[in-house]
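*Asks:* Here's the letter readout for the chains.
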Amino acid sequence: DAKTTQPPSMDCAEGRAANLPCNHSTISGNEYVYWYRQIHSQGPQYIIHGLKNNETNEMASLIITEDRKSSTLILPHATLRDTAVYYCIVRVPGNTPLVFGKGTRLSVIA
Amino acid sequence: DTGVSQNPRHKITKRGQNVTFRCDPISEHNRLYWYRQTLGQGPEFLTYFQNEAQLEKSRLLSDRFSAERPKGSFSTLEIQRTEQGDSAMYLCASSIRDSMNTEAFFGQGTRLTVV
Chain L
1 DAKTTQPPSM
11 DCAEGRAANL
21 PCNHSTISGN
31 EYVYWYRQIH
41 SQGPQYIIHG
51 LKNNETNEMA
61 SLIITEDRKS
71 STLILPHATL
81 RDTAVYYCIV
91 RVPGNTPLVF
101 GKGTRLSVIA
Chain G
1001 DTGVSQNPRH
1011 KITKRGQNVT
1021 FRCDPISEHN
1031 RLYWYRQTLG
1041 QGPEFLTYFQ
1051 NEAQLEKSRL
1061 LSDRFSAERP
1071 KGSFSTLEIQ
1081 RTEQGDSAMY
1091 LCASSIRDSM
1101 NTEAFFGQGT
1111 RLTVV
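Residue numbers (this note's numbering), protein chains in the order written: chain L, 1 to 110; chain G, 1001 to 1115.
Where hints are given, some of them may not hold.
Straight-line Cα separation of at most 25 angstroms, DSS-like style, residue types lysine-lysine; simulated pairs [unchecked claim]: (1) L/Lys3 x L/Lys69; (2) L/Lys102 x L/Lys3; (3) L/Lys102 x L/Lys69; (4) G/Lys1071 x L/Lys3; (5) G/Lys1071 x G/Lys1057; (6) L/Lys102 x G/Lys1071.
Residues from chain L that face chain G, not an exhaustive set, calculated with beta carbons under 8 angstroms [said to hold, decoys possible]: (7) Gly29; (8) Gln42; (9) Gly94; (10) Phe100.
Note that these hints are calculated values from the structure, not bench results.
Predicted, not measured: the structure shown is a model, and the values here were computed from it.
Each residue gets a CB set at the ideal place from its N, CA and C atoms; glycine is no exception.
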């Protein structure tokens, strides 16, 4: 079973920042937070992952709270192409398969 | 294209028939995963391989399902005596073991419709 809780859906205006929350209150010390997204009719796509420090790449930023019980994925300037289902997953890298929940359906609106 | 390739993209079959799907992972990836996804749900893990060894099988993988990766390269997923409940998107993913950057790369999936 997924160890994360995400809101089922969110809307965001095009050009604005999209902030997607994730609760993972039972995360263990060696588990990382991963984010994937799935655009309609495609396979999931890796976005970013982190352990305890904030991370940034060309796609997004990941903010993890100090107690590691929650995190936020930030898309700084959302575009219509960012409309997708976003999955937050906690796992030990390399040891276990990804376990997906239902994710958050993000709709970017023009 | 050097991504994960799945064939066919779509398959329609009659109930009771057998079907086989193929997945070609990224060439240097030693791990290969199969997932199933139904409408409105996230992908559900079925099984995975490290090289040619099948390391884990989900309880979702009934005895009608069998997966192989005979030479540690491509993999096949066979469903025998298909049922309507098998209708779903079947996703394949690959990754490299023993790396901290173990993101999995997914194919576009095979959509199965059992009529």
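*Asks:* Confirm or reject each hint.
*Replies:* Checked hints:
Of the supplied pair hints, the one linking L/Lys3 and L/Lys69 holds, its CA atoms being roughly 11 angstroms apart against a limit of 25 angstroms. For the given pair, L/Lys102 sits about 11 angstroms from L/Lys3 by alpha-carbon distance, which is consistent with the 25 angstroms threshold. Taken as a hint, the L/Lys102 and L/Lys69 pair is honoured in the structure, with Cα atoms around 19 angstroms apart against an allowance of 25 angstroms. For the given pair, G/Lys1071 sits about 34 angstroms from L/Lys3 by alpha-carbon distance, which is inconsistent with the 25 angstroms threshold.
Between the alpha carbons of G/Lys1071 and G/Lys1057 the distance comes to roughly 19 angstroms, so the proposed pair stays at or under 25 angstroms and holds. With a C-alpha separation of about 34 angstroms, the suggested pairing of L/Lys102 with G/Lys1071 is violated against the 25 angstroms cut-off. For L/Gly29, the shortest C-beta to C-beta distance to chain G is roughly 16 angstroms, which exceeds 8 angstroms, and the interface hint is violated. The closest approach between the C-beta of L/Gln42 and any C-beta of chain G is roughly 6 angstroms, which is under the 8 angstroms cut-off, so the hint is satisfied.
Hint status for L/Gly94: holds, given a least beta-carbon distance of 5 angstroms to chain G, under 8 angstroms. Against a cut-off of 8 angstroms between C-beta atoms, the interface hint on L/Phe100 holds, since the closest Cβ of chain G lies about 3 angstroms away.
Consistency note: the structure conflicts with the earlier hints numbered 4, 6 and 7.
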